[in-house]
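There are 2 protein chains.
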Amino acid sequence: MPADGTALRWRGGPDGQLILLDQTLLPARCQELTCRDEKTVAEAIRHLRVRGAPAIGVAAAYGVVLGLQSAVPGTTGSLRARLEEVIRCLAGSRPTAVNLFWALERMRRAADGLLAEPETGPALLSGLLDEARAIQEADVATCLAIGTHGSVLLEDGHGVLTHCNAGALATSGRGTALSVIYAAHESGKRLKVFADETRPLLQGARLTCWELLQQGIDTTLICDSMAAPLMREGRIHIVLVGADRIAANGDTANKIGTYGLAVLAHAHQIPFFVAAPCCTWDLDTPRGEEIPIELRCADEVTHLAGHQTAPEGVQVHNPAFDITPARLITGFISEHGVFQTADQAIALARARNMPFP
Amino acid sequence: MPADGTALRWRGGPDGQLILLDQTLLPARCQELTCRDEKTVAEAIRHLRVRGAPAIGVAAAYGVVLGLQSAVPGTTGSLRARLEEVIRCLAGSRPTAVNLFWALERMRRAADGLLAEPETGPALLSGLLDEARAIQEADVATCLAIGTHGSVLLEDGHGVLTHCNAGALATSGRGTALSVIYAAHESGKRLKVFADETRPLLQGARLTCWELLQQGIDTTLICDSMAAPLMREGRIHIVLVGADRIAANGDTANKIGTYGLAVLAHAHQIPFFVAAPCCTWDLDTPRGEEIPIELRCADEVTHLAGHQTAPEGVQVHNPAFDITPARLITGFISEHGVFQTADQAIALARARNMPFP
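Residue numbers (our numbering), protein chains in the order written: chain A, 1 to 357; chain H, 1 to 357.
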């Protein structure tokens, strides 16, 4: 861990299984979870055993393969029906990260092509597995490219603030925001990384610190509320975060707490960058207000490690994400380069003869 | 609880004890701690068994009485030496809240007067107890006056954000920021209070929610990072916090997270008020930069309820307070009224023939 992408991996051929690292147990335990059907994958996404927008996209793609295993051999009609059932199950796991829906749509298109052929049973499974693998391999390459493009933004001696976990554990490669840090670190720049703990589920404390320490990067854990004074003291030179969905106008959904950091960075004139693959853009959603925000259960806030910390009966507001308006985002770091608007991103992708998103 | 001030109370006469509610155990358990010497009081302050700037001032005042009990009867010289030892012990418990030093200074002045008399043994103890009681009674009255002055700032239907605990548990009365909420609630205004959980020690979740629920106030617990989107959604109409020390220029030390909230409130054009007794002003400290900020141990951030949540070996930055510059503070709510500068506060106090601070 983390650069070899063990957040998730496929074991075996078309009749194989998806192996996930159960991230809810980190850093205390490294325990794998074997998924043999789409319901286990959907449950793992819902309970954040696998999380991070790119990683849940890849997990869902493999989930489609798992879901179809039980339907083969079958008629084209029964396979189509099963495909829709599997996609519905996986799409219902979490609402905000668009990579999930993007990956499922890619799998549906691949299945459509495969189902148009006669005798599609084994060929369907192996074709779907190829597609899921292609999504995963592209994610690995995308992470590396994001790191390369973003690392020029970091200078030797910089203090870097990151929120939640946008690292290897959030992707099948080596991350988005953290890939930028890894690339800059490898190029010899000495960085001081501040990791927000990221309440309520502590992905920053549990996952980001764990990843960064394994790479030998100077890492300091802070509570989310401590970022502002560090900014004021001049100890933060850049903020790097990931994204779960980017609307056509650049408004960005990311882990709760991101919007506040963006306002604070703006007030302290600190550059604020979003590192995300282009498949995180959702051009069908014009503005941030239209991105659905997942509300999660009260227990995540009122209980810590099974221990109740708030009084019985208190109301809890627990949105998993917030929306940062485009005007607060200095730039987007993607596999195609750094840009500021969807139009620039599309032009960049076109220049490289690549699809967007 | 909370309006009857059971955060701390004196039991008995000059040879009595200080009874504290151990706030580290709330809300799971209401357990009292009996203090029989100044060291137990200092330990209770250091470990936040009693916390909140006004409450630790009152606790320290009683701690002086406890510390002198063992020195009586004694010579004037031995009593003076013991007094300085006791004050040094209590003053070393926490560095930021000025009310602690203010209360100790009041006790020293009272002792000086008493020690000037012959045969000061029992009279010294009973005189010191009278002074500690006077500090406590003034705090009760101050809290009520803060509530009355501040409540006019709240309107029916307002969403109110508060941070940490500036309530009955932080004072010997019914609080500072929360006193404003209690007074507005009692006058029939329907409020929706959002309580920041306040990492790392969760005073908001554990103490503020507990207090507010007992008063039947509509209370919603949020993580600290969730305040910003609530502000953007127009659900917060005013921010009310307490203070641990206010420099002569109005820069205010308060629980870590306060500065970030002030920046966010400013960005969203939401009024941001500090509710604090005038003894929180430290006119000897010209600016916020000169207020000492307590750095607390890493365990508070890396462990939750004895459970380790961050990887071994990670660095931790854990300041207990931050400084909010005066320009971000809409006004100060004190026992003398609402004002914006120390000069106004002094004039207000003078008009009422009251000392400042």
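Some hints could be false.
As the list claims (entries may be wrong) - For the chain A half of the interface with chain H, some residues (derived, Cβ under 7 angstroms), not all of them: (1) T24; (2) R29; (3) C30; (4) Q31; (5) G188; (6) L202; (7) M226; (8) I256; (9) V263; (10) A267; (11) P271; (12) H303; (13) D322.
Said to hold, decoys possible - Below, simulated DMTMM-like cross-link-like pairs (lysine to aspartate or glutamate); rule was C-alpha separation at most 20 angstroms, straight line: (14) K39/H <-> E84/H; (15) K192/H <-> E312/A; (16) K39/A <-> D22/A; (17) K192/H <-> E155/H; (18) K192/A <-> D156/A; (19) K192/A <-> E312/H.
Stated by the list, open to error - Per label pair, the in silico range of CB-to-CB distance: (20) A91/H <-> P292/A: 51 to 59 angstroms; (21) G306/A <-> A123/H: 51 to 59 angstroms; (22) E155/A <-> H303/H: 45 to 53 angstroms; (23) Q269/A <-> E186/H: 42 to 50 angstroms; (24) V152/A <-> E300/H: 34 to 42 angstroms; (25) Q315/H <-> E43/A: 32 to 40 angstroms; (26) R109/H <-> E233/A: 34 to 42 angstroms.
The hints are simulated quantities; they were obtained by calculation from the structure and are not laboratory data.
Glycine included, C-beta positions come from ideal geometry on N, C-alpha and C.
Taking the hints in turn, this is what the structure says about them:
no., hint, verdict
1, T24, "violated, 12 angstroms"
2, R29, "violated, 11 angstroms"
3, C30, "violated, 12 angstroms"
4, Q31, "violated, 16 angstroms"
5, G188, "violated, 21 angstroms"
6, L202, "holds, 5 angstroms"
7, M226, "holds, 6 angstroms"
8, I256, "holds, 6 angstroms"
9, V263, "holds, 5 angstroms"
10, A267, "holds, 5 angstroms"
11, P271, "violated, 17 angstroms"
12, H303, "violated, 9 angstroms"
13, D322, "holds, 4 angstroms"
14, K39/H <-> E84/H, "holds, 14 angstroms"
15, K192/H <-> E312/A, "holds, 18 angstroms"
16, K39/A <-> D22/A, "holds, 16 angstroms"
17, K192/H <-> E155/H, "holds, 11 angstroms"
18, K192/A <-> D156/A, "holds, 9 angstroms"
19, K192/A <-> E312/H, "holds, 18 angstroms"
20, A91/H <-> P292/A: 51 to 59 angstroms, "holds, 54 angstroms"
21, G306/A <-> A123/H: 51 to 59 angstroms, "holds, 55 angstroms"
22, E155/A <-> H303/H: 45 to 53 angstroms, "violated, 34 angstroms"
23, Q269/A <-> E186/H: 42 to 50 angstroms, "holds, 44 angstroms"
24, V152/A <-> E300/H: 34 to 42 angstroms, "holds, 37 angstroms"
25, Q315/H <-> E43/A: 32 to 40 angstroms, "holds, 35 angstroms"
26, R109/H <-> E233/A: 34 to 42 angstroms, "holds, 37 angstroms"
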